[in-house]
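Okay, here's what each chain looks like letter by letter:
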Amino acid sequence: MSTADDKQLHIDEDTNEYVTVEIADQLFGIEVTSIHDVFQPLSLTRVPMASPEVRGVLNLRGRIVTAIDARVRLGLPKQENEDHHEMAIGVELGNESYGLIIDKVGEVLRLAKRDRKTLPSNIDPQWQDISKGIYRLDGRLLIILDIQKMLNIGDMEACAA
Amino acid sequence: MDDLLEEFLTETSESLETVDAELVKFEQNPNDEETLNNIFRLVHTIKGTCGFLGLPRLEALAHAGETLLGKYRDKALVPNPDTVTLILESIDQLKVILGHLGTTQSEPEGDDADMIAQLVAASEGKMEPSGEASAEVTEEPVAETEPVAEVEEAANGDSNQSYDEDLDRPLRPGEVSLADLERAFMSADGPDLEQLAEEAENAKLAEEKKKEEAEQATNKPTVEVSLVSQSIRVNVDVLEDLMTMVSELVLTRNQLLQMVRQMGDTEIKVPLQRLSSVTAELQEGVMKTRMQPIGSAWKKLPRIVRDSAKAVGKKIELHMEGESTELDRQVLELIRDPLTHMVRNSCDHGLEPTDMRIAAEKPEAGQIHLRAFHEGGHIVIEIADDGAGLPTSKIKRKAIENGTITEEEANGMTENQIHRLVFAAGLSTAKEVTAISGRGVGMDVVRNNIEQIGGTIDLVSIGGEGTTFTIKIPLTLAIVSALIVEAADSRFAIPQLSVLELVRTSQDGEHRVEEIHNTRVLRLRDTLLPLIDLADILDIPKKEITSENAFVVVMIVGEQRFGVVVDNVFDTEEIVVKPLAQVLSSIPVFSGNTILGDGTVIMIVDPNGIAKAVNIGDEGERSADSEEVSAKRVEEKTAMLLFNAGGKEPKGVPLSLVTRLEEIDTTSVENVDGEQLVQYRGGLMPLVQIGGYAPLGENDRQPVLVFTDRGRSVGLVVDEIVDIVEEVLDVEKGAASPSVIGAAVLKGKATEVIDVGHYLTMAYHDWFENAQKEKGVETLPKQRILLVDDNAFFRNMVAPLLAAAGYEVTAVGSAAEAWKLNETGAIFDVIVSDIEMPDETGVAFASKLAKDEHWSSIPRLALSAMGQNDLERMGAVDAFTDIVRKADRESLISTIDYVLQTHGEAA
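Quick note, the sequences are listed as chains R and C, same order.
Residues 1 to 161, numbered by the numbering used here, are exactly what the first sequence covers, in order.
Residues 1 to 907, numbered by the numbering used here, are exactly what the second sequence covers, in order.
Same shape as in the complex, but just chain C (with noise of 0.2 Å):
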């Protein structure tokens, strides 16, 4: 059954019963206020609950109830038995629907017409007390003929419903009485039993609306008793208590698991197992009675969109999907205001006005989407709308203006980054503060409640198609699985859902850790990974560890990845995660306390804290790399390798174009003809020097950059490998020498980003003529590329390797220019472009250039940065031939090459 239906049945089941009991005494004290004020306002609640949830017959009926009690309440009419009793009859009918609704889940048939007309009739005061209303004309004789009964049947209350004779048994709890339903029944179809005159005829009439009635009673009482004794409502302090209680359980039987651990065999250790695992099973039992489908968090969003639709006048349209994905409790009320702010904003900001809606050729109403579901022990909930997206020259002009950005940096931040910005404290776009939202205290209080709650939140907006919010938070906080680890001799927990996997690195195998300046990376498949080690970020003094033999634990967090070193690395516990005292709740690398085993107090890591102590910012490059990871963030900030060699200028190279940092020793180097050959890896690598050949010193161990290219090496010798550092390049073109694609500015200072396609010629000689041989098209004429990308740098970059492999290329950095040359006639062999782009996106260039008459047939190819997910979401595997991550030098030209030979080959 639907959920909100269920408890909405479960609830006015109660409130129906408090109801009847409250009546029964305001009718033994008509002056009690309290008590009218009290049922007043129970069937005031059913009947906002069933316009709520559309339910008409229930919610005419309540309402002409209400509207009845108002009148009490208001003075306006002193209740009497009569309509005492009619208000009693309509519960009785209200009950009859709800038995319906719970077995069918829909509302009988029919209307409750007459009843509702009577309690009209009788809010206008046209229902006299009894007696009196005999000279009326007598529709309903029922109720004028057995009110005594009824008042003394009602003020008998409890008794009346203990016992029914019809079915010659007790009642049940909630059970109604057959002459109660009969008498609801009767009154629902007064005109039926106008002949009441006719005792016989009336007698069998009865007999045989007792015989329907039997057949329902049947039906609605089990449905009654059965949504009484499926849920029970306890008190949610008693849930916390037994959840404590069960924490400690958890705590007394890891204590004591190893105590038996270490004594060895006991023959306590058989009853232990069985402790063990009934704690287990109790703790997995109490864990369920916290977990609340997130659908309850939700249940107010539709009126909320509907209203917020009202105050701004839109037309929206709210999906949900994945209502039923539950979380604990506890997670559940802490990201329940920080949604409902989301939803208002998406309402207020993402959409746009309806005019600009249409003007847009977008349909009039605007959608938000909410989807939740589970991954790997956490829970995503997206919250999606198609309006404008976000306004990147705003919130960048908003930021400078309130301080939370330069205008250098502002300058270059990708527009993504500036999208974040929002997270930021005190910035809110909105030109207008409306009656929803918009007061400037919103997306930095939702990103704080979310971190608070160890989760991460994260936006993707396109220009003109929608922003998407993802949040991502774990699924309970009270028990989790932790990684233990030691760090200059402390122990920690690392919570195990932000721990991909352990390395144990060594200085000759296969994970090896490299040493850049004070930086260390681990290389881990083919990906280099930022490391830093736990006792750097606890500022504790560390132990004297060699690199050789440290373990380390590769996190994600959010989409960043990142290996803590630790000294040691112990099991993988059950904790139970206790709040830090406040002294303690500043430390931001902490989130917790718990008591281990053997009942030492340790702390608990926060992954969020050290991701930040990481200090690699909020992009993760090194994911880009990885195929598991979705790497929508990193798009455009590229981590580069500084050095020095050369010349003073600090020298710069894409970090992912490098193979591998190595130091060879100068004495193993050979000059043969000319040129310097080192012995590396079973085959000869030649050396190149930036600022041409010069003898190496002696003795003397020289860092070298490996850059590799179809199966052949180059080392660049440089002096000195400086840092690593994840900027956004903005490289000025106007390259002195051949061998630099510009400057940028790295770390404040002016530096030489390397062509590193120079000095692979450089090296070899046939390097792109060998490639071109390779593919066989040195005979052909030259292949012309149209490159579009925003990104001067990577049009930089790109640009020349195609040059260099033998297309001919033509570079743009919007899809507009791109539209010019179409208009010239100009015609190209393959289209790549990139995906995000401000105004028109790679996707809508691409859709458009399907439909072109001149370049429809053109292979378009696009680079991307972003997970196969997200690429598929925004239809960019339908729009172009191929997709090719970025920066990945070898695959684009593999990948152009196959495209224009398939291409070649259908044509």
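Extracted from the complex, chain R is given alone in its bound form (with noise of 0.2 Å):
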């Protein structure tokens, strides 16, 4: 990848910066200026009756964090690999704190505005919802996600009824 010739090549009006993750082998970006930090989601508990997407809450340093299994949320198999060590992006919301649990942080890319392209329409609706666009990169596709909607449980299960 031209990242590092990317990055010197646009200026920052046209450009915009996104961190990687994997979700079940698919790559997403999250735009850096949304992300709050990373961290690893450690001793989660579990919140009974919660909707199946919010995998339960935990402190990170005296905030309490509500952490959203992104699996779960885009409707993709659990995790099978019980070692895995998850990810956890940590978005402000409002007041209030959440945790994105993904499989494992890429890197940082510098993309042009320009190059993205919206979702072709055959995917998902779901996936349509919450997505803000698609990078084609060398060989990848890179779905760019909405991390508001994303978050936003409520609405989801509005879309599926």
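Honestly, the hints are just simulated from the structure, not real lab data.
Please read these numbers as outputs of a predicted model, since none were measured by experiment.
30 Å max Cα-Cα, derived BS3-like pairs, lysine-lysine:
1. 71/C / 25/C
2. 149/R / 578/C
3. 78/R / 542/C
Now that you have both chains on their own, put them together as the hints suggest.
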């Protein structure tokens, strides 16, 4: 990938920085500006009766973070590898802290806005809703996640219904 | 000092200081509209507040000042130094009056007619700029001769204020120089100064005045200063931030404590202890800054009531009690609107129009009582009116119309239950929408708001006597004491406020868990407590635990008591409540989450949510049995034990009549003389069966309902215990057999309600005869009892029991029927009456009885399920000879006995 070159080439207004994450082998991108921190979700407390997307709550440096399972949110199968060290993307939404649990954090990419395409229309409507667009990288597709919509659990239920 | 006055003084002192400064600015730049508006607004506010507080002198003066300022604002007049001075003078005078208010809490004697006259003159344009004015009769020489100096002073503003020669020291903030005071004084007493020309005399006079003023001045500044130093205004955000930080500190301290506990003896233990206590004090201190008297949420109410009264043409008096009761300002903010709404409701709908009140022989002015008091970590607010009570039939009709309940449901509901429907959404019974309320967004919103902050709301309405709403809310929301429990390997926090006690159950000990069908109940000190598993409520897979050694957290929510079964109980912790993320806020059983000392996040259980999940309705029958809980909600709903025995139809018996549920080993049953007996608690207990004697299966365990009376027990053999339901009983009389009182629909099925008395006599033929012997009444003619109860079930239940106990019983369904009997000249030995009845209540009935020429000497007994306090409040304690709890058969008979005996002796 020509990330390094891209960084030099484009000025800020024309580009966005994305953190790439892997969820069930699919590459996703999240805008750097919306990410508060990246952490390992440890000692999660289960919340009974919560929506299935809510994996639990955890204490991150004195703040209570609600952990959302990205796989469940995207309708993907559960992580099978028990030993797998999941990661979480910390996001502040309003006054609340959320952690989006993903499989793996990749790298930071700077991509030109003009290269971003809309998702092909035959893709699952659930995905359409939570994505802001798609990039064609060398050999891989990068789906840009709309993090606000990802965390909007109530809406998704309304969509599914 | 009166809080309101104190706040007013602080606020007004501040405003006046601003006005001073602004006026000076204004004078320098008369075209600055913004400044003028500012001044006008401030003076206007002062005037308005004065009027509200009943301070006529201040109000009149401020009003005159405002009029003049208004002219400036409307550009009708152009300000000139003289008039501005006049305004400044009037402001100084305001300060003098305020100072007096601060020390004596009342306005000083006298009035400011002269100054007001000047202000009026000025606003009418009669006060010309200086120079020309000198041509007029000089009533106010000072004002005319000194304006230049004053303007200079005023223009100098701060420098003028900062040093006072008379006092020989710099002025403190808010203090007024003696010169100013003097000027104010002189202008107030203008005529005295006519001799200004005679300089010598004037000097003398001025000297005297100065002395007087100096005295006043030494008083006044201290007042202002003390007011300033006693309270500072702090932005609420600062307090909120402080609270958040203290919360964090508490958390961190808890974490540290936990770590040190694990480390054992270390040298940081001592300093940590110190840190811990300082943190606790800090927490308390910060909490205090958040505490506000509830009176501050009530301040607007007198005005609202007054306006509402005017709008609806009623006379209403508002009485407030317990204004100084403090609670967290966050909570205060949240209840402010609901309270206002409810008071409006009382004005609008609760109190009947004046002509109706007169017709009902009530005082013309409707009364609204607002009462607040602390009760065990809660604050209780009562809003009571003495109006007509809630219109039961109207509410019923409306609720059926909008589908809240079905007609069948409605018919099965008690009056109180119907009243409580006003808390359901979209149920406003007001025929007309008035300007004040009645838009159908009413009590449901109030209820929601109150439940959101972990509170409860309930009402009691008595036809013709009024409605009382009771709100119970926690004192604070931020830090609560909670019990940490474990269920299915997860820990949860239960707010301590709703925890009554902890019970460890054991199969052979005192506290036994009894299983009825799939429902578990705990017999705790003669009450049956519904049990529910926390794991079940939370819908998490529970561990297989036997009821042998379970922990039961006995909780109380409103009047409802229930036991929550948990796997383990840890200690109590002060937890900082953190609001739930939006994604989780829809889960009804949690009210928040918190971080424990060890850093784990746990969920805080919402007692209200659990109470709903327990789903024994709003009514908590069990609490009727317990002495300490007033149980005004329970009067008509009855807990029924459902079972199968002798036939296919399900059968039921009031749970309150059942002493124990037992399982007997059929092999231990002995047949003696055609009777089945079983050894039970060191004696022999006869067994009876529905449908007559039948051999019991062998090697079988047989459920038995045990009824105990006067130390004798009888076991009713049943095939299967089905359930406990709590429903309104509507027993259809027309029993096919003597063993049945009637049939009722329970759980949607026709159920035979058995007559316990029948089985008691079956086992002991002398059961009731024996009872009579004990009483020694068998030789006397039967004594006559008049039973008045609107509830058919109780009539049918109580009447046969009394009859069986050897009385002649006449049962009627209302006071009106009783009066008909009175007219026929019937005579009774005892009158037993229900308290809560439609139309004529028990209390009204009893009061009338006391005055009746035929029946006044007959002892009056009340049947009630209400708590002592409520009874006293309603005047039931005075009206009746004695009060017996409903469904307490034994004490009813013994009380009747006792009353008859003492009455006989007295007569």
